[in-house]
Structures are given as structure tokens and as C-alpha cells.
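There are 2 protein chains.
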Amino acid sequence: MNIPTFDDVLAAHKRIKPYIHRTPLLSSSYLDQLSGAEILFKCENLQKVGAFKARGAVNAVFGLSDAEAGSGVATHSSGNHAGALSYAAMRRGIEATVVMPHNAPTAKKAAVQSYGGRIIECEPTQAAREATLAQVVAESGADAVHPYDDARVIAGQATCMLELHEDAGKLDAVVAPIGGGGLISGTCLSLSQLSPETRIYAAEPANADDAYQSFNKGEIVEKDAQQSVADGLKTNLKPRTWHFVSSYVTDILLASESEILDAMYLTWERMKIIIEPSSAVPLAVILKNRELFRGQRIGVIITGGNVDLKNCPGCKS
Amino acid sequence: MNIPTFDDVLAAHKRIKPYIHRTPLLSSSYLDQLSGAEILFKCENLQKVGAFKARGAVNAVFGLSDAEAGSGVATHSSGNHAGALSYAAMRRGIEATVVMPHNAPTAKKAAVQSYGGRIIECEPTQAAREATLAQVVAESGADAVHPYDDARVIAGQATCMLELHEDAGKLDAVVAPIGGGGLISGTCLSLSQLSPETRIYAAEPANADDAYQSFNKGEIVEKDAQQSVADGLKTNLKPRTWHFVSSYVTDILLASESEILDAMYLTWERMKIIIEPSSAVPLAVILKNRELFRGQRIGVIITGGNVDLKNCPGCKS
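Those protein sequences? They're chains U and F, same order as listed.
Residue 703, in our numbering, is where the first sequence stops; the numbers in between run on with no holes.
Residue 703, in our numbering, is where the second sequence stops; the numbers in between run on with no holes.
Mixed in with the good hints there might be a few duds.
Since the list gives no way to pick one copy over another, a pair counts as held whenever it fits inside one copy or between any two copies.
Within a straight-line C-alpha distance of at most 20 Å, the following computed SDA-like cross-link-like pairs (lysine to any residue) qualify [claimed, not checked]: (1) K674 x L420; (2) K556 x S415; (3) K609 x E643; (4) K674 x E424; (5) K495 x Y651; (6) K674 x E605; (7) K556 x E645; (8) K696 x E655; (9) K696 x L652; (10) K556 x D648; (11) K674 x F448.
No lab work stands behind these hints, which were simulated from the structure alone.
Only a predicted model underlies this, so the values are computations on that prediction, with no experimental measurement involved.
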């Protein structure tokens, strides 16, 4: 099993620079007051393709040799990685094929198409995604870029924490959402090198708590067809991400569906940024566990901003 | 008539720094492609109080002597200046009284209250606002800080263009919304010093086109009780802002109500930031007048992000 190193992160940061935004850190005195903490939000909703996933996908695609790139790339993804891989392939001028569950949000399907990616739909289960992707790879010879179980992707996602550390300085804790664990793994990878004393919390929907159960049981627990408004967080850990989660994560904190939506609208209203439900889970768990964070400097990774505004989950109006 | 100078702008920038955010410039390759121009958005929706108005209000309040400040400040405003003046007064520890039309958006009334400002409601006409404010000033001895017809306020708003120029470098044109003309006057003041060859376009709702009519007639045209979704842009020019508009503005461009809302939702969807309708008028006029901007570097000032999300104007859902 290929585990990425911090040198891979530094190489990724250099490689992807021309194709990604250096996203800003934002803060809100209102949310600081509400939480009792100082929260620095790393705004990957303002990233290319509207999500941090651009980092890992670009790192994988631009790390291919010309010969490898010739057969294109392929993946399965519930959404943002699909758009990100299509974007990366477009920038390199190669083909991308993406396997998506048929119930993936319209905005995320449209993103893939806008970057020239080819969509193949499947049932919304982990098994169906993986089988369909295997078939695509067998037929096309494409390089499979897994949304998170891929050393190149983890090294790419780790660059987000690298920038957060550079811009924010010393942090007492970092809170990031957990689905398959790619972002958290990258966060662990960078922080274990840059600031090993910073605590790392993963934030997960209670409705899709496979990582929470894994963490408490001490081994990967798989749960299929999980449902949550946080549509990016329904996937399961893999041994490569479990390696980081089990070694470096301080705790996994859960939030209910309504807590996630409340935190999402609070962010829209007070910070004036559009974040998707998955990105609201960290703020939801911070507001739910104030005693854990009171008086501290907290980094939060806002993972993405891709929402169907015409049909957004639980919209209040 | 006291016309602010560029030295006043530099003094304002130094004075207000501890109380405002240095807001980021954002761009969108999608909107660049759509418009055929390179657009750099100065995001004052991410400013303190959610609007550029924090700049002028803080400059006015912190420029007062202790003796002057003792009687507090007062103003009339359809919204963001009211919140901004309350914020500035709170930071200085003095009282703020704001006269607001009774139909001002709930979010903007709530903002005033959250900063400890006192609201006095009036009819939604220019005359009623001014008469009510005069009464407040007579009774309290408060320093009246007009939302735009005030040299201190114009110098404060001018700091926005100062930062945009520092961060963006050379621009072919700048487009900003026009209501009473405070922001445009500040923009003219800074650009006439920093980059006199940059063209300045004011963007106005066709439903509230008093500045457009003034510009074409060559003298101030007053229109009362104008109605537009761009609720911040319904006010009329004054001689002090007309001085700048008539001397430095290249043209005033109009957008319809639906063009404004389309541009607002496009910004929400593609840039992942919440902007209020008034802030969408520049993008609306750029998309409507592509030939005027094609191939050029354009600065756009996103003026604010205060929207009632539960009851937003023309919401699609």
C-alpha cells in the first residue's frame, strides 16, 4: 500500500500551483462570539471547480507521464471529485470518464459536463460504483484516479492544510469533514510534519457515521447506501485513509441533519459565502461541542460550495 | 461645499485599518469566459457589516474629537450605512441613532440592532428621511453622518478603490453601482489620482435611473420613491457626489430588474458568494454591454451581501 509522504505534498503543491487558486482564509466575529473560539475558515468553496478536490485530481493528472496520460483518466465519485478530475483532464487535454450514482446532485453532473467529462451512471452503492469503474478501466486502459484511496490524491488534498498552516500560523485544532477520508488523511499528513501538537477533529453526519463507528471499534466499519444532506460524506474509509485516521485523528464528532443545515444557513447569512452541506459539518460540531474549543484558535476547512440553488436540500424558503 | 482630497483618502485608510477587513479579490474563469473580459471582483460583501459602508462610517466616527463624539452620531439610510454607522459607534463606544424607511429589509434592521443602534422609522421618501434626521440632530446634538453626502464618508469609501488598485494593478475600467453616489465618488477620487486613464462606469437599475437621467441632462435630476430589488440604489445624487459623477464618470449603464436578479443568482452559483441585488448591477451591465468590455481587465466592486435569505427578492425556489 503506497502511503504518501510529506515530500509528495511539497511536490504536489508545486505541481498544481498553476491550475488552482490560493484560497483565502475568512473569519467572522459573529461566529467567533457564538462559538467562543477564534475560527479561521479555509475557503475551498472558492477553489477551482468549487471544491478542494481540484487539488488531488490535478496532482494525479499532471503527475502522469505523457504515455500514461494518453489513455485518459477515470473515476467514480458522488460529485466534486468527478468535476475536479474532468477539470484536470481538460487542462491537460486528455479524456476523463466518471462513474456517478444516478442520484448525484444536478449541479455536480452539470460541472462534469461543462469540463467535457463523460458520465456513466450507476446505482448509488459503493459496490456498484467500483464494479462499473473496473469495467471502464478494463475497456479504455484509463488511469483510475480514486476519489480518496490514492496516494497522489491524498498528497494533493494535503496541500490545503499546508496553505492553511502558512496563512494561519499556530492552531490549537483543525476540524474538517470526513467521508472516505482523503481530506482528513492529507490534513494528518501535513500537520504531523508541520504542527504535530495541533489536534485533528473529523466531522461526520450522524446519518453516515461509518468513520465514527470505525474509529470507536478500531477497525474499518463499512456501511452502504448511507443517506445525508451532506452528500459528499456518504462514502466509507479504505485501508489507506484508515492508516491516517487511526494514527493521527484526535476524535470524530457527529452532527444531525438539522444541525448541518442550520450551520450551512448560518454561514450563508453571516459569512456571505455559499457552502454545501458537507462543508457545514465542522461548524455544526464546533457549535455542538463548545467546551472542547472555547478560547482556542481553530482552523476549519470549508470543502466546497456546489449546491443546486434552485433545489437545495432543506431550503428554508 | 467640502470636497475630499486624495490626502483625505490616505488618512482614512490609516484611520480605519484596525476596524475593517482587507477584502479579497476574487475571479471566476466561467464569468470571464461568459463576458469575454477579465473581471476582478473586490468583495466588500465580505467586509465588516457585510458592506463597503463600514469604510465611510468608521472614517467619520473615528475622525471625531472626543468632545464631538460625546453626543453620538445619527443618520438616515435604507440599510447598510445604518448598520455600518452603528458598528462604528459601537467600536468607539458612543451612541448611534438611525432613521430608516419602514420598508427597509429585515436583515438590515436586525444588523443595526445587533450593533446596539437605535432605529427611528419613517416614510420611504427622501424628504421624510431628511426631516426626521434633522429632528433627531436638533434634539440630541448628534453628529449627522450622511450616507453619502459627506466628505468623510466619500474619503472612506475611496479606500476600497485604493485597495483594488493596489491588488489588481492596471485596470482598463472599473464598474460600481450608483445610488446616491458615495462609492462612485470615492472611486473617482482614488482613480483620478492613481490611474486617471481607467474608465469609470456607474451601474444603475433602470427602475431607479435618476443618476442616468442626471448624467444625460447635465444636472441633478431628483426622483422620489423609486422602487427596485436593488434596495441600496434608490437614493438621489447630491451636489457633492454630482461633482465627482459629472467630472470623472465615463458613462452610466442601466439594467432591468430581471437582469439584476439573474446576475445575482449567477454570482451565487458560480462564485459561491452571497451578494445583495445592488451588488449584481455591475455584472448585469457588463453582460449586457459585452462589446464595451471585451478583452479588457475590469474591476468590479461587490458592494454588499446583506440579503434576507428566508425572503429574498425574486428568489427562484
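Now for the hints, and whether the structure bears them out:
When the C-alpha separation of K674 and L420 is checked against a cutoff of 20 Å, the pair qualifies only within one copy, where the shortest distance is 11 Å, while the shortest distance between copies is 42 Å. Taking CA atoms no more than 20 Å apart as the test, K556 paired with S415 passes inside one copy only; the shortest distance there is 19 Å, against 33 Å between copies. In this homomeric assembly, K609 and E643 come within 20 Å of each other (Cα to Cα) only inside a single copy, at 18 Å, whereas the closest approach across copies is 49 Å. Only within a single protomer do K674 and E424 lie at most 20 Å apart by alpha-carbon distance; the minimum there is 15 Å, versus 42 Å between protomers.
Proximity of K495 to Y651 under the C-alpha cut-off of 20 Å is restricted to the inter-copy arrangement: shortest distance 19 Å between copies versus 23 Å within a copy. For the homomeric pair K674 and E605, neither the shortest alpha-carbon distance inside one copy (26 Å) nor that between copies (58 Å) is at most 20 Å. Taking the shortest alpha-carbon separations for K556 and E645, neither the intra-copy value of 28 Å nor the inter-copy value of 45 Å comes in at or below 20 Å. For the homomeric pair K696 and E655, the shortest alpha-carbon distances inside one copy (17 Å) and between copies (10 Å) are both at most 20 Å.
In this homomeric assembly, K696 and L652 come within 20 Å of each other (Cα to Cα) both inside a single copy, at 19 Å, and across copies, at 12 Å. For a Cα distance limit of 20 Å, the shortest separation of K556 from D648 qualifies neither inside one copy, at 29 Å, nor across copies, at 42 Å. In this assembly of identical chains, the alpha carbons of K674 and F448 never lie at most 20 Å apart, being 40 Å within a copy and 38 Å across copies at closest.
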